[in-house]
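Take these sequences, add in the hints, and give me the full structure.
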Amino acid sequence: MNAMFEVNTAPMPSVFDMPCIACEITGGESSANNLVEAGSGLGLAACTSHTDVTAQVMATLTNYGSAGLHTAFMTAGLLL
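Quick note: to get my numbering, add 47 to the position in the sequence shown (first position is 1).
Don't take every hint at face value.
[Claimed, not checked] DEER-style ranges, computed between Cβ atoms: (1) A114 / M51: 28 to 36 Å; (2) G124 / E53: 15 to 23 Å; (3) E53 / Y111: 26 to 34 Å; (4) S96 / S61: 15 to 23 Å; (5) A114 / V62: 17 to 25 Å; (6) S61 / M121: 25 to 33 Å; (7) S61 / A114: 27 to 35 Å; (8) N110 / T73: 19 to 27 Å; (9) N110 / T56: 19 to 27 Å.
Calculated from the structure, these hints are not laboratory results. This structure is a prediction, so every number in the text was calculated from the model and none was measured. The C-beta atom is built at its ideal place from N, Cα and C for all residues, glycine as well.
Dropping the structure here:
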């Protein structure tokens with residue numbers, strides 16, 4: 048059973064210029080405009096289109112391993 052973490056979403060601070068993690072995984076290119084942080088201490092950048100799926104992933108993500116990220120996004124319905 049996976050732990051469920053509280054997730055908070057906030058606008059990306061203007062000093063950061065980061066790509067959206069979901070776009071990176073799917074081969075797209077988009078700048079992130081939201082920061083999705085979890086009670087686990089982890090956070091990921093997301094564009095408007097991928098903020099909800101990124102929040103879903105952050106609720107259970109425990110590390111930034113590439114295989115784990117792909118699996119988490121696939122489980123959340125981003126990659127089919």
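Results of checking the hints against the structure:
1. A114 / M51: 28 to 36 Å: Since A114 and M51 have Cβ atoms about 21 Å apart, the given range 28 to 36 Å is violated.
2. G124 / E53: 15 to 23 Å: holds (21 Å)
3. E53 / Y111: 26 to 34 Å: Given a distance of about 19 Å, which is not inside 26 to 34 Å, the answer is violated.
4. S96 / S61: 15 to 23 Å: holds (20 Å)
5. A114 / V62: 17 to 25 Å: violated (31 Å)
6. S61 / M121: 25 to 33 Å: holds (32 Å)
7. S61 / A114: 27 to 35 Å: Check passed, 33 Å falls within 27 to 35 Å.
8. N110 / T73: 19 to 27 Å: About 20 Å separates the Cβ atoms of N110 and T73, which means 19 to 27 Å holds.
9. N110 / T56: 19 to 27 Å: holds (20 Å)
Of the numbered hints listed earlier, those contradicted by the structure are 1, 3, 5.
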